[in-house]
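Novice: One-letter residues, chain by chain:
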Amino acid sequence: MEFEPVIGFEVHAELKTNTKVWCGCPTTFGAPVNTQTCPVCLGQPGALPVLNGRAFEISLGVATALNCEIPRETDFDRKNYYYPDLPKNYQISQQFRPLGRGGWLDIDLGAEGTRRIGIDNIHLEEDAGKNIHPEGATHVDYSLIDLNRAGTPLLEIVSTPDIRTKAEAEAYMKGMKSLLEYLDASDCKMEEGRLRFELNISLRPKGSSTLGQKVEIKNLNSISVVLKCIDHEIERQTDILEEGGEVEGESRLWDEAKLVTRTMRKKETSFDYRYFPDPDLVTIVVTEEQKKRIAEELPELPLAKRARFAEQYGIPEYDAGVLTANLQMADYFEAAVRAHDNPKSVSNWMMTEMIRRLNEAGEDAGAADFAVRPEALAELVRMIDDDSITGKIAKKVYPLMVETGRMPSVIVEEEGLKPIDDSAIEPVVRKVLDENPKMVAEIQDGKMKAIGGLMGQVMRATGGKANPQTVQTLIKKLCGVE
Amino acid sequence: MSLPKVDHVGEIGEERVRHVALLSRLELTDDEVGRFARELTAVIHHINKLEELDLTGVEPTSHPMPLTNVFRQDVVVPSLPNEAALSNAPEQRDGCFKVPQII
Ligand SMILES: [Zn+2]
Numbered sequence: 001m002e003f004e005p006v007i008g009f010e011v012h013a014e015l016k017t018n019t020k021v022w023c024g025c026p027t028t029f030g031a032p033v034n035t036q037t038c039p040v041c042l043g044q045p046g047a048l049p050v051l052n053g054r055a056f057e058i059s060l061g062v063a064t065a066l067n068c069e070i071p072r073e074t075d076f077d078r079k080n081y082y083y084p085d086l087p088k089n090y091q092i093s094q095q096f097r098p099l100g101r102g103g104w105l106d107i108d109l110g111a112e113g114t115r116r117i118g119i120d121n122i123h124l125e126e127d128a129g130k131n132i133h134p135e136g137a138t139h140v141d142y143s144l145i146d147l148n149r150a151g152t153p154l155l156e157i158v159s160t161p162d163i164r165t166k167a168e169a170e171a172y173m174k175g176m177k178s179l180l181e182y183l184d185a186s187d188c189k190m191e192e193g194r195l196r197f198e199l200n201i202s203l204r205p206k207g208s209s210t211l212g213q214k215v216e217i218k219n220l221n222s223i224s225v226v227l228k229c230i231d232h233e234i235e236r237q238t239d240i241l242e243e244g245g246e247v248e249g250e251s252r253l254w255d256e257a258k259l260v261t262r263t264m265r266k267k268e269t270s271f272d273y274r275y276f277p278d279p280d281l282v283t284i285v286v287t288e289e290q291k292k293r294i295a296e297e298l299p300e301l302p303l304a305k306r307a308r309f310a311e312q313y314g315i316p317e318y319d320a321g322v323l324t325a326n327l328q329m330a331d332y333f334e335a336a337v338r339a340h341d342n343p344k345s346v347s348n349w350m351m352t353e354m355i356r357r358l359n360e361a362g363e364d365a366g367a368a369d370f371a372v373r374p375e376a377l378a379e380l381v382r383m384i385d386d387d388s389i390t391g392k393i394a395k396k397v398y399p400l401m402v403e404t405g406r407m408p409s410v411i412v413e414e415e416g417l418k419p420i421d422d423s424a425i426e427p428v429v430r431k432v433l434d435e436n437p438k439m440v441a442e443i444q445d446g447k448m449k450a451i452g453g454l455m456g457q458v459m460r461a462t463g464g465k466a467n468p469q470t471v472q473t474l475i476k477k478l479c480g481v482e
Numbered sequence: 001m002s003l004p005k006v007d008h009v010g011e012i013g014e015e016r017v018r019h020v021a022l023l024s025r026l027e028l029t030d031d032e033v034g035r036f037a038r039e040l041t042a043v044i045h046h047i048n049k050l051e052e053l054d055l056t057g058v059e060p061t062s063h064p065m066p067l068t069n070v071f072r073q074d075v076v077v078p079s080l081p082n083e084a085a086l087s088n089a090p091e092q093r094d095g096c097f098k099v100p101q102i103i
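Same order as they appear, the protein sequences are chains A and B. Each step along the first sequence adds one to the number in the working numbering, with nothing skipped, and position 47 is 47. Each step along the second sequence adds one to the number in the working numbering, with nothing skipped, and position 51 is 51.
Among these hints, one or two may not hold up.
[As the list claims (entries may be wrong)] Here are the computed lysine-lysine pairs in the PhoX-like style, where the Cα-Cα straight-line distance is at most 20 angstroms:
(1) 438(A) / 395(A)
(2) 477(A) / 431(A)
(3) 130(A) / 98(B)
(4) 79(A) / 130(A)
(5) 98(B) / 88(A)
(6) 206(A) / 130(A)
[As the list claims (entries may be wrong)] Computed from the model, here is a short list of chain A residues facing chain B with C-beta under 10 angstroms:
(7) 29
(8) 34
(9) 243
(10) 246
Don't read these hints as lab results, they were simulated from the structure. In this text, a Cβ means the ideal position worked out from N, Cα and C, and glycines have one as well.
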């Protein structure tokens with residue numbers, strides 16, 4: 001029997017605020033352990049939470065961009081469970097009246113167009129602290145807790161189980177990350193755990209409309225890991241079903257070392273969270289005027305920017321899609337084009353030389369931190385356009401720009417890569433012609449293909465610094481075929 | 001453990017008391033389980049009495065004060081120093097709260 005996967009995601013995004021969601025402690029990543037806490041986020045009795053207005057505002061922006069319905073009233077509930085990284089013994093979340101319901105995200109499937117993935121709900125909650133397992137810890141019987149992260153605003157975006165293929169899963173994760181970056185809602189660094197994906201996946205016979213038993217998978221810290229995990233889980237569940245077994249409803253953890261998922265806890269023993277409204281916090285009323293203002297203040301979103309890039313800059317739709325898939329890349333492109341108006345060439349350099357290098361640097365690497373600044377790329381393109389250097393030399397200069405972060409004009413000067421004066425080219429051409437009488441004869445016979453071979457030799461002899469146009473003209477002239 | 005939403009009408013059984021005790025990390029003796037079952041049943045009786053009221057058109061209240069939209073500015077205030085944060089910790093190590101190992 002052929003099975004099809006049914007996949008949904010819970011996205012957890014730490015919001016980009018200065019302070020935590022219920023207290024004024026900072027949210028700076030990497031601070032010394034337990035130095036960003038106060039009675040509120042330590043869960044001291046009597047300490048009272050007060051909602052961070054900015055965190056709520058950002059959340060409403062995301063809900064609006066994801067086409068959710070924002071209710072007039074929304075409030076916060078307690079989710080009760082015991083875990084050492086949760087000092088209050090409850091997490092403040094939104095169970096009964098979340099701030100957004102029933103939206104969607106259009107995902108980009110390349111040549112297959114777009115597909116609409118439903119958003120069940122969006123709610124604002126708080127992150128937990130961090131468990132530190134002591135280094136080389138095989139013999140220790142304790143864990144250490146750092147509560148710096150406890151209380152960081154966390155937006156949870158729950159999709160409906162609409163995803164059917166790995167390609168759709170990838171497009172959903174990338175689309176969501178891109179959107180959160182465009183909205184400046186989260187810095188989305190997956191390696192730092194600032195953006196996390198939890199996967200739920202079940203199988204059903206292809207064509208069936210019932211849902212199979214779903215399994216939740218946690219501990220997925222990059223998009224590529226999620227994709228590996230989907231492959232593994234489809235295989236695991238297929239094996240069980242083909243042997244006539246039943247998939248158990250459970251939470252599983254991804255084990256990156258072994259590339260497998262393993263049981264975390266069974267649903268039977270899962271917690272009974274006993275949600276109830278948090279009496280320490282009050283209801284938030286969102287007015288129609290506020291919703292309207294937030295919708296008006298949304299920045300240009302990925303699909304709109306893509307259409308504008310293709311239209312305004314005359315670059316291919318595909319290139320526009322790549323350049324707008326993340327905001328840093330899009331801003332980089334526009335900064336370079338502002339500095340030198342040749343969008344096609346700027347786009348080509350980015351699509352080839354830059355994106356490959358960023359990909360090699362990992363999923364979190366962004367254009368904003370790239371060694372070659374947009375002004376430097378613009379200068380390089382300008383130098384090619386006004387014949388200050390040849391395309392061939394530019395290909396040599398670019399890696400040096402990546403390495404040193406210096407401007408191309410400085411590199412060309414220092415490395416002696418300036419093009420050879422046209423008057424200096426002629427002696428080189430004469431020498432090459434003298435050494436290749438056969439090819440000269442071919443050219444004079446009308447076999448123009450031979451010009452290419454001679455040009456190659458001249459370019460080699462000049463280290464690529466001769467203007468190809470000049471070389472070609474000289475060869476023809478000296479062969480007397482012009 | 002999966003229990004029905006309610007026990008016999010207006011009653012809290014011993015099994016439910018044990019379940020709630022487990023969720024709340026309370027260790028109860030058999031005597032205490034019996035006593036809490038009786039006492040909580042009395043509380044439920046009282047609640048059931050309230051449920052006889054006709055509340056058509058009355059909004060649920062989760063907060064006694066008619067307050068909405070209380071926000072804080074997103075401005076950093078100084079946190080506690082590490083020593084103060086850990087001062088109530090039963091055990092500590094390397095600037096952290098030390099707890100039994102978590103798998
Ligand atoms: Zn705090």
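Novice: Now, for every hint given, state plainly whether the structure supports it.
Specialist: Verification of the supplied hints:
1. 438(A) / 395(A): It is violated: about 32 angstroms lies between the C-alpha atoms, which goes past 20 angstroms.
2. 477(A) / 431(A): With Cα atoms ~14 angstroms apart, residue 477(A) and residue 431(A) stay inside 20 angstroms; holds.
3. 130(A) / 98(B): Since the Cα atoms of residue 130(A) and residue 98(B) sit roughly 12 angstroms apart, the hinted pair holds (cutoff 20 angstroms).
4. 79(A) / 130(A): 18 angstroms, holds
5. 98(B) / 88(A): Roughly 17 angstroms separates the two Cα atoms, so the pair holds.
6. 206(A) / 130(A): 41 angstroms, violated
7. 29: 14 angstroms, violated
8. 34: This hint holds: residue 34(A) lies near chain B, its Cβ roughly 5 angstroms from the closest one there, short of 10 angstroms.
9. 243: 27 angstroms, violated
10. 246: Nearest chain B Cβ about 17 angstroms off; hint violated.
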